[in-house]
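Peer 1: So you can see what is in the structure, the chains are spelled out below.
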Amino acid sequence: MRMPALTALLTAAAVLTSAFAVKADEVHVLNWKGYGADEPWAIEAFEKATGHKVVNDFFNSEQEMLTKIRTNPGLYDVVMINAAFNDQAMAEKLIQPIDVSKLANYADISADKAGSPMLNHDGKVYGVPWVWGLTALAINDKAFGTPPTSIAEMWNEAHKGRVVIRDDAVEAVQFGAIATGQNINDIKDMDSVKAKLASLMPQIKTFWSSENDWNQMVASNQIDIGTYWSGSADRAKTHFKLPVSLVIPQEGAVAWLDAFSIPVGSKNVAGAEAFINYMIDPGFYVEWDTKVGAPVSANTKAVAALTEDAFNRKVMGDPAVAERIQFQAPITDAQREAYLTLWQKLKVEVK
Amino acid sequence: MAGQVGPGSRSGLRSAAPLLLPAYLWLTVAIFLPLSAMVFFSFMTDLPLSGKPWSFTLGNYATFFSQGLYATLLLASLRLGLEVTLWCVVIGYPAAYVLAKVLKGRSREAIFLLVILPFWSNGLVRIFSWAMVLREGGILDSVLNAVLPFRISIDLMYSYPAVIIGLVHSYVPYMVLTCFLTIQAIDDSLIEAGRSLGASRLQILKRVIIPLSMPGLIAGSALIFVPVVGSFMEPRILGGRTGTFYGTVIEDQFVAVFNWPLGAALSFILLAVVLIILAAVSPVLRRAA
Numbered sequence: 001m002r003m004p005a006l007t008a009l010l011t012a013a014a015v016l017t018s019a020f021a022v023k024a025d026e027v028h029v030l031n032w033k034g035y036g037a038d039e040p041w042a043i044e045a046f047e048k049a050t051g052h053k054v055v056n057d058f059f060n061s062e063q064e065m066l067t068k069i070r071t072n073p074g075l076y077d078v079v080m081i082n083a084a085f086n087d088q089a090m091a092e093k094l095i096q097p098i099d100v101s102k103l104a105n106y107a108d109i110s111a112d113k114a115g116s117p118m119l120n121h122d123g124k125v126y127g128v129p130w131v132w133g134l135t136a137l138a139i140n141d142k143a144f145g146t147p148p149t150s151i152a153e154m155w156n157e158a159h160k161g162r163v164v165i166r167d168d169a170v171e172a173v174q175f176g177a178i179a180t181g182q183n184i185n186d187i188k189d190m191d192s193v194k195a196k197l198a199s200l201m202p203q204i205k206t207f208w209s210s211e212n213d214w215n216q217m218v219a220s221n222q223i224d225i226g227t228y229w230s231g232s233a234d235r236a237k238t239h240f241k242l243p244v245s246l247v248i249p250q251e252g253a254v255a256w257l258d259a260f261s262i263p264v265g266s267k268n269v270a271g272a273e274a275f276i277n278y279m280i281d282p283g284f285y286v287e288w289d290t291k292v293g294a295p296v297s298a299n300t301k302a303v304a305a306l307t308e309d310a311f312n313r314k315v316m317g318d319p320a321v322a323e324r325i326q327f328q329a330p331i332t333d334a335q336r337e338a339y340l341t342l343w344q345k346l347k348v349e350v351k
Numbered sequence: 001m002a003g004q005v006g007p008g009s010r011s012g013l014r015s016a017a018p019l020l021l022p023a024y025l026w027l028t029v030a031i032f033l034p035l036s037a038m039v040f041f042s043f044m045t046d047l048p049l050s051g052k053p054w055s056f057t058l059g060n061y062a063t064f065f066s067q068g069l070y071a072t073l074l075l076a077s078l079r080l081g082l083e084v085t086l087w088c089v090v091i092g093y094p095a096a097y098v099l100a101k102v103l104k105g106r107s108r109e110a111i112f113l114l115v116i117l118p119f120w121s122n123g124l125v126r127i128f129s130w131a132m133v134l135r136e137g138g139i140l141d142s143v144l145n146a147v148l149p150f151r152i153s154i155d156l157m158y159s160y161p162a163v164i165i166g167l168v169h170s171y172v173p174y175m176v177l178t179c180f181l182t183i184q185a186i187d188d189s190l191i192e193a194g195r196s197l198g199a200s201r202l203q204i205l206k207r208v209i210i211p212l213s214m215p216g217l218i219a220g221s222a223l224i225f226v227p228v229v230g231s232f233m234e235p236r237i238l239g240g241r242t243g244t245f246y247g248t249v250i251e252d253q254f255v256a257v258f259n260w261p262l263g264a265a266l267s268f269i270l271l272a273v274v275l276i277i278l279a280a281v282s283p284v285l286r287r288a289a
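As they're listed, the protein sequences go chains A and B.
The first sequence: position 145 = 145 (the working numbering), numbered continuously.
The second sequence: position 5 = 5 (the working numbering), numbered continuously.
Bear in mind the hints are in silico, worked out from the structure with no lab data behind them.
Accuracy of the hints is not assured; some may be wrong.
[What the hints assert, rightly or not] Some chain A residues close to chain B (C-beta under 10 Å, calculated; not the full set):
id	residue
1	S209
2	Q216
3	V348
4	V350
[Stated by the list, open to error] Chain B residues, not near chain A, derived (Cβ > 10 Å throughout):
id	residue
5	P22
6	V90
7	V115
8	I165
9	Q184
10	I186
11	G230
12	A279
Cβ coordinates follow ideal geometry from the N, Cα and C atoms, glycine included.
With the hints as constraints, model all of the structure from the sequences given.
Peer 2: If you want it as structure tokens, here you go:
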């Protein structure tokens, strides 16, 4: 359970730890828990190869991540930042430019990701693209003869009470934008988004918040369709053997890009560079994807190293998919608060 | 207590100080300081630890009044608190009576253990167990269908009743414990006196047992009502689409948008409302007690 008290405690603990000298050969990494960078086998391999010791720390929300780097200058060497937050971190002078010539694998990152305006400012690189994925739809195979192709299936009366959506205001509003044929980063007609989401509410069984929620509901055959992350849908199918298929609707899907940055004041920039280079290495990625299941690597060679029928190569690598997805761009705190208010209103007012 | 105030009270306080000190020191450090910090936060535009410039404002409190959403949710949470408290009385009071006056010896110990057993398990484990029981195709559904000759479909999961069931289960031990203590303290001779004077069982319950155990009922109700109004874990997990309450909205402010000032302001409005309710009903309850 996410607990505010716990967050406060962790923040306090982080402030305390930053007061002590950080050892030079340690690489302090800040990332989501269970998201590649803390895999024990990966850390072991990295430490053996480079001699740097990895110290992991975690966050539960992007806001918490920003607070942790603001309040602990010099503690972290590597931080994983969603590209949509890179702008803000750069503007607040929390992260520094990265010398990509030190990263042997950087050249293999696909040009559109490496050149993303979200990660590059004044000709300098502030974020190294790591992995990307989609928030699309996933279906319970038992409920469908042929997979649907349209996002409108969420509103189909036949699935009343068997639809799920993630309890996340930004994602819900952007999903509503796609359903109403709008640009997720420039929503002109908020009223139609609200009306569209309001008409979805009676269909919904519950709001999911973790991968585990989703998989359990499918395992006990309680749901037909819902929003889901591409990597999670693949993991549910291949690792947990659940009847789950990802659907990337013709109307499009929300895409996100995760990147690594180096905070200002890092005491071990060389170690940070080595760690980032390892994280985008095909060797690490293939093992991560086959052992655990991962999003799609930004490194084209890493994706090419997967087996031909691998989900991240076959489905996500399809050029037709690339054409209809929309990458999340930065949003302001005021927008975020407005989305949350709209989402809470929908949850309360529409019974 | 008031009668003891006199010449001896000063030296009494001095000798009591070493005994009181650890508890009050702990309360100061663990409750008073963080709570004061939260009061402080609730009047700020942004958290000082966010590293951004901040100033004092009343805006966080104004948000509550400018948006009908929060008042609606607060009412829903108060209703939830009342309903859960009521069910705890209905379920807990008879159990407390039986424990205190009917059962004796080992059987009482065994039943008592069953009552406080929920305290020994983690709250989350309890809620997730309920999730397994209540859902369609879950334990309750399967068992009923195995026993009954006709088919029924029970899917209580993700509904308002599921939230009530989960919360009543978590809080009913408080009611049993507080009522048990007061009922046990009732002198059996009072009940016997009533009976010998010709009172029916119902009259004894209404005129002797309930009035004498009222302090326990009140204490139990307050212990249950206050945390239930602010609860967020049970509604979120068991309530599904209907599980948005005042507590979950406060949690969103702390966790989802990292807006501690608004979250703190909403919390203190809740605290104020709860205190007003308790103050308003206390004369009535005191008379009843």
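Peer 1: Should the label of B/I165 as a non-interface residue stand, given a Cβ cut-off of 10 Å to chain A?
Peer 2: B/I165 is indeed farther than 10 Å from all Cβ atoms of chain A, at 16 Å.
Peer 1: Does B/G230 really sit off the interface, with its C-beta more than 10 Å from all C-beta atoms of chain A?
Peer 2: Non-interface label on B/G230 holds, nearest chain A Cβ at 12 Å vs cutoff 10 Å.
Peer 1: Test the statement that B/P22 is away from the interface with chain A: the closest C-beta pair must be farther apart than 10 Å.
Peer 2: holds, 22 Å
Peer 1: Does the claim that B/Q184 lies off the interface hold, with its Cβ farther than 10 Å from every Cβ of chain A?
Peer 2: holds, 36 Å
Peer 1: Does the claim that B/I186 lies off the interface hold, with its Cβ farther than 10 Å from every Cβ of chain A?
Peer 2: holds, 40 Å
Peer 1: Is the hint on A/V348 kept, meaning its closest Cβ partner in chain B is under 10 Å away?
Peer 2: OK, holds: A/V348 within 10 Å of chain B, min 5 Å.
Peer 1: Have a go at the A/V350 hint: is there a Cβ in chain B nearer than 10 Å to its own Cβ?
Peer 2: holds, 9 Å
Peer 1: Does the claim that B/V115 lies outside the interface with chain A hold up, using a Cβ gap greater than 10 Å?
Peer 2: holds, 25 Å
Peer 1: Answer holds if the nearest beta-carbon of chain B is closer than 10 Å to that of A/Q216; otherwise answer violated.
Peer 2: holds, 8 Å
Peer 1: B/A279 clear of chain A by more than 10 Å, beta carbon to beta carbon?
Peer 2: About 27 Å separates B/A279 from the closest Cβ of chain A, which puts it past 10 Å; holds.
Peer 1: Verify this label for me: B/V90 is non-interface relative to chain A, using a Cβ-Cβ cutoff of 10 Å.
Peer 2: holds, 26 Å
Peer 1: Under the criterion of a CB-CB separation shorter than 10 Å, is A/S209 in contact with chain B as hinted?
Peer 2: holds, 8 Å
In the structure shown, no violation is registered for any of the earlier numbered hints.
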